[in-house]
Each structure stands twice: as structure tokens, then as C-alpha cells.
Amino acid sequence: MTALGAAAEAPMIEAEHASKWFGDVVAVSDVSFGIGPGVTALLGPNGAGKSTLLRMLCGLTPPDRGAVRILGADPRKDIAVRARIGIVPQQEAMFEALTAFEFVRLAGLLHGVGDPAGAARWALDLVELDHADHRSTTTYSKGMKQRVKVAQALVNDPAIVVLDEPLTGLDPRQRGHLIELFGRLGAQGRCVIVSSHVLDEVERFGSRVLVVAQGRLAATGDFRAIRDLMDDRPHRIRVRTDRLREVATELISSPGVLAVRLEPAAGNRAGAVIVDTADAPLFRRSVAAAAQRADATLLEVSPLDDDLDSVFRYLVGR
Amino acid sequence: MTTTPSPKAPPLRSGPALGRVLLAEYRLLLRSVCTRGRLVAIAMLAGLSVLTAVAVALSNPFDPLSEGVGFVNGNIATLIPVAVLVFGAAVLGDLIDDGSLVYLWLRPVPSWVHVLAGWAATVTIVVPLVLVPVVGATAVIDSSPALVGAAVVGGLVAVAGYAGLFVMLGVRFRRALPWGLVYILIWEGFVASAGKTATKLAVRSYVRSILGSMTDTHLKLGEFSLGVGIVVPLLIAVLALLYASRRLARSDVA
Numbered sequence: 507m508t509a510l511g512a513a514a515e516a517p518m519i520e521a522e523h524a525s526k527w528f529g530d531v532v533a534v535s536d537v538s539f540g541i542g543p544g545v546t547a548l549l550g551p552n553g554a555g556k557s558t559l560l561r562m563l564c565g566l567t568p569p570d571r572g573a574v575r576i577l578g579a580d581p582r583k584d585i586a587v588r589a590r591i592g593i594v595p596q597q598e599a600m601f602e603a604l605t606a607f608e609f610v611r612l613a614g615l616l617h618g619v620g621d622p623a624g625a626a627r628w629a630l631d632l633v634e635l636d637h638a639d640h641r642s643t644t645t646y647s648k649g650m651k652q653r654v655k656v657a658q659a660l661v662n663d664p665a666i667v668v669l670d671e672p673l674t675g676l677d678p679r680q681r682g683h684l685i686e687l688f689g690r691l692g693a694q695g696r697c698v699i700v701s702s703h704v705l706d707e708v709e710r711f712g713s714r715v716l717v718v719a720q721g722r723l724a725a726t727g728d729f730r731a732i733r734d735l736m737d738d739r740p741h742r743i744r745v746r747t748d749r750l751r752e753v754a755t756e757l758i759s760s761p762g763v764l765a766v767r768l769e770p771a772a773g774n775r776a777g778a779v780i781v782d783t784a785d786a787p788l789f790r791r792s793v794a795a796a797a798q799r800a801d802a803t804l805l806e807v808s809p810l811d812d813d814l815d816s817v818f819r820y821l822v823g824r
Numbered sequence: 003m004t005t006t007p008s009p010k011a012p013p014l015r016s017g018p019a020l021g022r023v024l025l026a027e028y029r030l031l032l033r034s035v036c037t038r039g040r041l042v043a044i045a046m047l048a049g050l051s052v053l054t055a056v057a058v059a060l061s062n063p064f065d066p067l068s069e070g071v072g073f074v075n076g077n078i079a080t081l082i083p084v085a086v087l088v089f090g091a092a093v094l095g096d097l098i099d100d101g102s103l104v105y106l107w108l109r110p111v112p113s114w115v116h117v118l119a120g121w122a123a124t125v126t127i128v129v130p131l132v133l134v135p136v137v138g139a140t141a142v143i144d145s146s147p148a149l150v151g152a153a154v155v156g157g158l159v160a161v162a163g164y165a166g167l168f169v170m171l172g173v174r175f176r177r178a179l180p181w182g183l184v185y186i187l188i189w190e191g192f193v194a195s196a197g198k199t200a201t202k203l204a205v206r207s208y209v210r211s212i213l214g215s216m217t218d219t220h221l222k223l224g225e226f227s228l229g230v231g232i233v234v235p236l237l238i239a240v241l242a243l244l245y246a247s248r249r250l251a252r253s254d255v256a
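Residue numbers (my numbering), protein chains in the order written: chain B, 507 to 824; chain D, 3 to 256.
Chain B extracted, bound-state conformation (with noise of 0.2 Å):
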């Protein structure tokens, strides 16, 4: 695992060598971290084991291997810390017989909340929905099932709060909104752990991140960490230009440049030279240049490889 940085905090959820199995697949393979207060992002690729890890945090699911704890207590066998979590699983199923308020009012009641009525409608404002609203929640778009599944994991005040990919299917404004209010709860001294695949989302938290690959954890600390650990590994970059073999022959040349390949032009499309590079930063600084001496037009700089799997891959790899 790469240790980014570490949170000094009392872990308020903690995983110890936590491993678990389907038959012969390996969801979550001998995993330790600790949180404490504030937001940790989950972050990894679809299949990566975030789901299964966060349900065994929850003790959904226990694990094959090692222990999870939350507050200090296993959440499969103490049922009285269950009322300090909220959870937004990633399913979209819920109670179809039953409305917004009459969902959320529930989730109070069964939570033991004094006044789950009142609960409810508090917990419905935080996510801008309406508590009169008498349809049932089979007619409500997918964001407003994520919103009413954000106010029940809220309506018992929980100490810890577990969001299963919770911005899926929400439009902008929504998404600003609900990134605001899990910061607004992290500040508050809540553990929230949110996971996501989407890096920019993540970005968004400004928060910790526990990067999860094939199961492992691959990597743990700041996101600006991640960020730079993105711009430090090697990277491959396509330059789409009219004059291949000149751009080619300035690039080899350039500092931080580990190989260069040309990609011969097909029916419409301009050739390009694809190069390898060790600080993209550095090469995206140079490219313009070394263009400008080849006396060429740059088409397109894009790069190949800068999508999570990479990261995951190259995370996993090291």
C-alpha cells in the first residue's frame, strides 16, 4: 500500500486485516485503516470492492478474515451501535408502498428517535425535498431517490455516516448541494466515508482517500497527494500534429521524455506521435515549444492514460 500521509485522529471506524470472499473471488483482500472524524473519499474503479468494504464496515456482510469496528464495537453482534450509523447503500430499491416522509419517519422510529415526524421533515429539508409530498417514491427520478436515501441515513443524527456512491444520478446543482452538506458533516466532527469512481468527484470532498484496487488497498492519505502521485508516475500523451517526424524528432530531445512512437495518419485524421513521459507536467510545458521549432500546428494534446484504472493499475503495480 502507499501511505500518502496519516490521520491523526481516533479512529471512530477501524478495519484490521479485513478480508472477504465470494467462492474462489476475492472481494476485499487483507485491508487495515483507520478513520476518525471528518470525509474520507473510498475511491476506485467499478469491481474494486468499495460496496463490499463499506458493508462490512456497516456489518452487512462480516468479514471472512480480520475485524471492523465502528465506535469500537463489531457492528454485527453490538445492534445498539447500529443507531449511530446512516447508511445510503448503493441499491435504489426502497419501500414502494410508502412516501418520502413516510420512509424517512421510519427510519427515525426504528433508529428510536424522539420525534421521528419531526425528524423526518428535518432530515427532508437538509436535502431540499418535500415533506407534504403524498406520491409514493415509485415515481421519483433517480436523484430524488438518492436525496431520500441521504435523509434517512441522516434522520437519527448518526455519528457515522456510510454513502454508497450517493451523488449517482443527480443533477449539478444537487451534487454541489449534498458534497456541501457531507463537508458540512464531516466538519461537524460525523465520520463520513463516501466512495465514488469518479476522481473529480472526489476532488469535490477535499477529503482523505482510501484508494481501494482489485481488492487491496492501494493507496491512503490527502487527495492533493493522489493528485500529485498522478502527475508523478509515468505518463503517455498523444500529439496530433501536421509535421509527425519533426514534432517526433524535437520530443526525443526534450527533458522528462522516455520514448516516442508515431501513429501514422488514417483516412481523415492527422498522425500523431504518441510519447511516454516521466513528468507530465514538465512536457506539457515543453510541447508548444518543440512544436514551434518544428515549425509545426499542434492538432490535439491529450492524454492516455489519465482515467482512475491507470492510477489504479499503476498504484497496484508499484
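Just so you know, these hints were derived from the structure itself, not from any lab. One should not assume that every hint holds.
[Said to hold, decoys possible] Mimicking SDA-like on lysine to any residue, the simulated pairs with C-alpha atoms at most 20 Å apart in a straight line are:
1. B/Lys651 - D/Gly101
2. B/Lys583 - D/Ser34
3. B/Lys648 - D/Asp100
4. B/Lys648 - B/Asp621
5. B/Lys583 - D/Trp114
6. B/Lys583 - D/Lys222
7. B/Lys583 - D/Ser195
8. B/Lys583 - D/Asp254
9. B/Lys583 - D/Gly197
10. B/Lys583 - D/Arg248
11. B/Lys648 - D/Ser61
12. D/Lys222 - D/Gly197
13. B/Lys651 - D/Ala256
14. B/Lys648 - D/Gly101
15. B/Lys583 - D/Ala251
16. B/Lys651 - D/Asp100
17. B/Lys651 - B/His683
18. B/Lys583 - D/Asp100
19. B/Lys648 - B/His637
20. D/Lys222 - D/Phe192
21. B/Lys651 - D/Tyr245
22. D/Lys222 - D/Thr80
23. B/Lys583 - D/Leu244
24. B/Lys583 - D/Ile188
25. B/Lys583 - D/Thr80
26. B/Lys648 - B/His683
[Said to hold, decoys possible] Residues on chain B that point at chain D, a partial pick, calculated with CB under 8 Å:
27. Ala586
28. Pro595
29. Leu615
30. Ser759
31. Gly762
All values derive from a computational prediction rather than experimental measurement. C-beta: ideal position from N, C-alpha, C; glycine also.
Following the hints, put chain D in place on chain B, whose structure we already have.
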């Protein structure tokens, strides 16, 4: 946004009031499991049973009590267990299948509350939807208090016993409906009729004993006393619900 959550997390509570929770879950499960398709299908079967009773009554039966006992026995062997299966297996099984169980499971509520609420919801649906028409139809054949009383007691015991079994089946198996039909048709209908030892393993035999005892008639493989006939199916239901609770507490929740 109108308010913000309080910054301080609440102290650990001793837990919600289980009576209120049980009632809330009971109402929820009752609403959830009563789909139009299920209600119409089972109501049609119940209607068919009533029509059968009317046909029997119109044919001037030679011995109304015997015909009535046979009618109740037939319904307890087929209609009641099938109706209970349809609702009992789905009452928690649907939530497990679509993943909404998490909204009950991840609460500070013991699992027996979910199971008991599911059982109560199942009984609540089946009694008016099936048992009341069957008892009414029985009265059309023979309105003697002994037969009607036997139909009420036997029917209630059957509903309670089967509901325990089939709620457990819904928790235990993903495809509980076919498993339940196998149980009703193959086990209770065939294997458990094979002899005196095997018959002890079928709810139907005990309910048959209730009918026999209360109407003073002899029914094949229904030779337990009235007390045993009532207690054993209820005990089976309790054991099934305990197992379902344990299973639910230890299950993987999506």
C-alpha cells in the same frame, strides 16, 4: 436548506421502543406484501372454494357433517398452505431479493422483531382473505357449531403454523415459492402420508386431528389428541420463527 444537523452526535440510546417498532414494521410489511396480483389470485382461489361448497350443499349431501369435514380438510391441505406460502414467503423474501432489507436490518432492532412482524402480517392477510370465506362456505354445507368451530380452530392453527414455516422459508431460500410448493405437494401431500411415523412431520396431520376431535369423526392419519393437534403446529411456528430470526441476524445483507 433550512437547518443544519446538530454538531454533536447523540449519546448511545438503549434502543427504540420495541412495541412501536413491531407495529410500524407490521404495517409496513402488510402494505408491501399486499400486491394486487397476489390478492386477486388468492381471492379467486378462495372464491372457487366457496363455489365448491355451494355446489356440495346444492347436491343434497347424504351426511352434511362428513361432507363438511371433508371440505375443511381439503382446504387445509391445499388452499390455506398455498395462500400462506404466497404471502409468507414474500413478506421478508421480497425485501431480501430487492435489497431493501438493509433499511430494517441496519437499525438497533433485534431480528426477531422483523420476523414476528412478517408472521403477523401474513396471518392478518390470510385470515380474512381465505379462512373467513372457507369457514363461511363450511357453514353453507353444515352449520353445526362443532363443524364451524373445528373449521375456525383448525384453520387458525393451520394459518399460524404454516405462516411460521413459510416466513422462515422466505428468509432461508432465495426461491422460496417453489421450495414451498415442493413442501406442500410432495412432503405434506405424499411423503407424510406414508405412515404413522412420517405423518408426525406434517402440519396437516395435526390440523386433521383437530377436525376429527372437535367433530367426533375419524380422519385417516389424524389421530392425535386435540391438545397435541393445537400445540404442535404452534410450536413448529415458534421454532421456525426462532430459526428465521437467527438466520436473518447472521445473513449477508445486500
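Failing hints, ascending? 2, 4, 6, 7, 9, 11, 18, 21, 24, 25, 30, 31
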